[in-house]
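Asker: Listed below are the residues making up each chain.
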Amino acid sequence: DQQVKQNSPSLSVQEGRISILNCDYTNSMFDYFLWYKKYPAEGPTFLISISSIKDKNEDGRFTVFLNKSAKHLSLHIVPSQPGDSAVYFCAASGRMDSSYKLIFGSGTRLLVRP
Amino acid sequence: DSGVTQTPKHLITATGQRVTLRCSPRSGDLSVYWYQQSLDQGLQFLIQYYNGEERAKGNILERFSAQQFPDLHSELNLSSLELGDSALYFCASSPHLRDEQYFGPGTRLTVT
Numbered sequence: 001d002q003q004v005k006q007n008s009p010s011l012s013v014q015e016g017r018i019s020i021l022n023c024d025y026t027n028s029m030f031d032y033f034l035w036y037k038k039y040p041a042e043g044p045t046f047l048i049s050i051s052s053i054k055d056k057n058e059d060g061r062f063t064v065f066l067n068k069s070a071k072h073l074s075l076h077i078v079p080s081q082p083g084d085s086a087v088y089f090c091a092a093s094g095r096m097d098s099s100y101k102l103i104f105g106s107g108t109r110l111l112v113r114p
Numbered sequence: 001d002s003g004v005t006q007t008p009k010h011l012i013t014a015t016g017q018r019v020t021l022r023c024s025p026r027s028g029d030l031s032v033y034w035y036q037q038s039l040d041q042g043l044q045f046l047i048q049y050y051n052g053e054e055r056a057k058g059n060i061l062e063r064f065s066a067q068q069f070p071d072l073h074s075e076l077n078l079s080s081l082e083l084g085d086s087a088l089y090f091c092a093s094s095p096h097l098r099d100e101q102y103f104g105p106g107t108r109l110t111v112t
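So the protein sequences, as listed, match chains A and B. Per the numbering used here, the very first residue in the first sequence carries number 1; after that it's consecutive. Per the numbering used here, the very first residue in the second sequence carries number 1; after that it's consecutive.
Here chain B stands alone, though its shape is the one from the complex (with noise of 0.2 Å):
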């Protein structure tokens, strides 16, 4: 057990929707990161805060957004989605802004 936190774990969802994926991070942690992870691929780096504030993007559509609030959990909120946004959501954990990230169990989204 990472002590990183994912709800849902399971998400189906039809074309068109918007849904939102939650994430609490190990207790200390201030960054928190997102990934995402398409079928049989690697894992995509899509944003990064520290402290509530952004501090790094990666290949997230402007679809997605995402905050972190002053409790430091974090949301994902993926909208108008595509069927080819069916992945496996990750969010990670650090203490600080560059050291070993903790992972999470996952949220495996499904949209039909």
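So here's chain A without its partners, still in its complex pose (with noise of 0.2 Å):
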């Protein structure tokens, strides 16, 4: 049972377009979301993060939009840059079973062409 789904494996859009990568949850739980970005023999990098509380999150050229009526966000990267080419991933938590887990989607591996 997937509760954080990233349906689109693969995204191409060129040097300084805007690339938007979208995410669902199923678990209305949830009440805490992050992206983050990996490149390959590295670790995943913390980008950006939204509480339930909000519905739009900033910083530089990243935004993460929530819309908790849909289950949806999106990750908009404006301009899109080459070194921004990597696998995007997106987390939900929310407190379940006592605890709070960071349930991650598949990722969205995201090329940038120059």
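Worth flagging that the hints you see were computed from the coordinates, not collected in a lab. There could be a bad hint or two in this list.
Computed list of chain A residues with no C-beta within reach of chain B, every gap over 12 Å [as the list claims (entries may be wrong)]: (1) VAL13; (2) SER28; (3) PRO82.
In silico SDA-like links for lysine to any residue, alpha-carbon gap of 25 Å or less [as the list claims (entries may be wrong)]: (4) B:LYS57 x A:ARG95; (5) B:LYS57 x A:GLN6; (6) A:LYS56 x A:VAL13.
We put the CB at the ideal spot given by N, CA and C, even for glycine.
Using the hints, build the complex out of the two chains.
Answerer: Next up, the structure:
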């Protein structure tokens, strides 16, 4: 049972354009969402997060949008740069079984073409 | 550099063997997490420790165990290894129970 889904395994965009990565979740107990970036042969790197009390959080070129009614979040990268080419994971957290766990999606591989 | 260190970087062993993966969290972080990433799959949460105590369990097999020591470093023990255990194993740490997690570079385990 995948509680966090990234339905697009890959995405290709032109340098300078917007990259939009999507993520859906099913568990209404999730109240904290994060995006991580992963380069080959490295561990995931934290990018940006959002609490369920907000619908938008911005950090430089990265903006995360949360639509609670649709159980959907997205990561916008503007403008996209070749160095953004990586695998992006969304993750969700909520209080379950007296603990908090991060549940990760399967990732979206972003390729930014020069 | 996240500040989380993992050793060894690579490990090749045979089926039926036992291995230990080691993780040192970022300075000051009390929580340590272990994840498994199999080929082309997402990160599967295995287990979390907070200040020496187990706090959350995920899809961790009974053949696997972990502990966190008083100096906060953690070890993941994998025993009776099977071919399907070949994967990247990541350790992450965070200051407390529910913060952004910072990942180490991973240990690549190959079981032959």
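Asker: If a hint holds in the structure, say so; if it does not, say that too.
Answerer: Hints, one by one, checked against the model:
Consistency note on VAL13 of chain A: stated as away from chain B, and its beta-carbon is indeed over 12 Å from all of that chain's, at 22 Å minimum. No Cβ of chain B comes within 12 Å of the Cβ of SER28 of chain A; the nearest lies about 18 Å off, and the non-interface call holds. Interface exclusion of PRO82 of chain A from chain B stands, the closest Cβ pair being 22 Å apart, more than 12 Å. Pair hint LYS57 of chain B plus ARG95 of chain A holds up; C-alpha atoms about 13 Å apart against a cutoff of 25 Å.
As the CA atoms of LYS57 of chain B and GLN6 of chain A are separated by approximately 23 Å, the hinted pair is consistent with the 25 Å bound. For the suggested pair LYS56 of chain A and VAL13 of chain A, the alpha carbons sit about 23 Å apart, so the restraint of at most 25 Å is met.
Hint compliance for this structure: no hint is broken.
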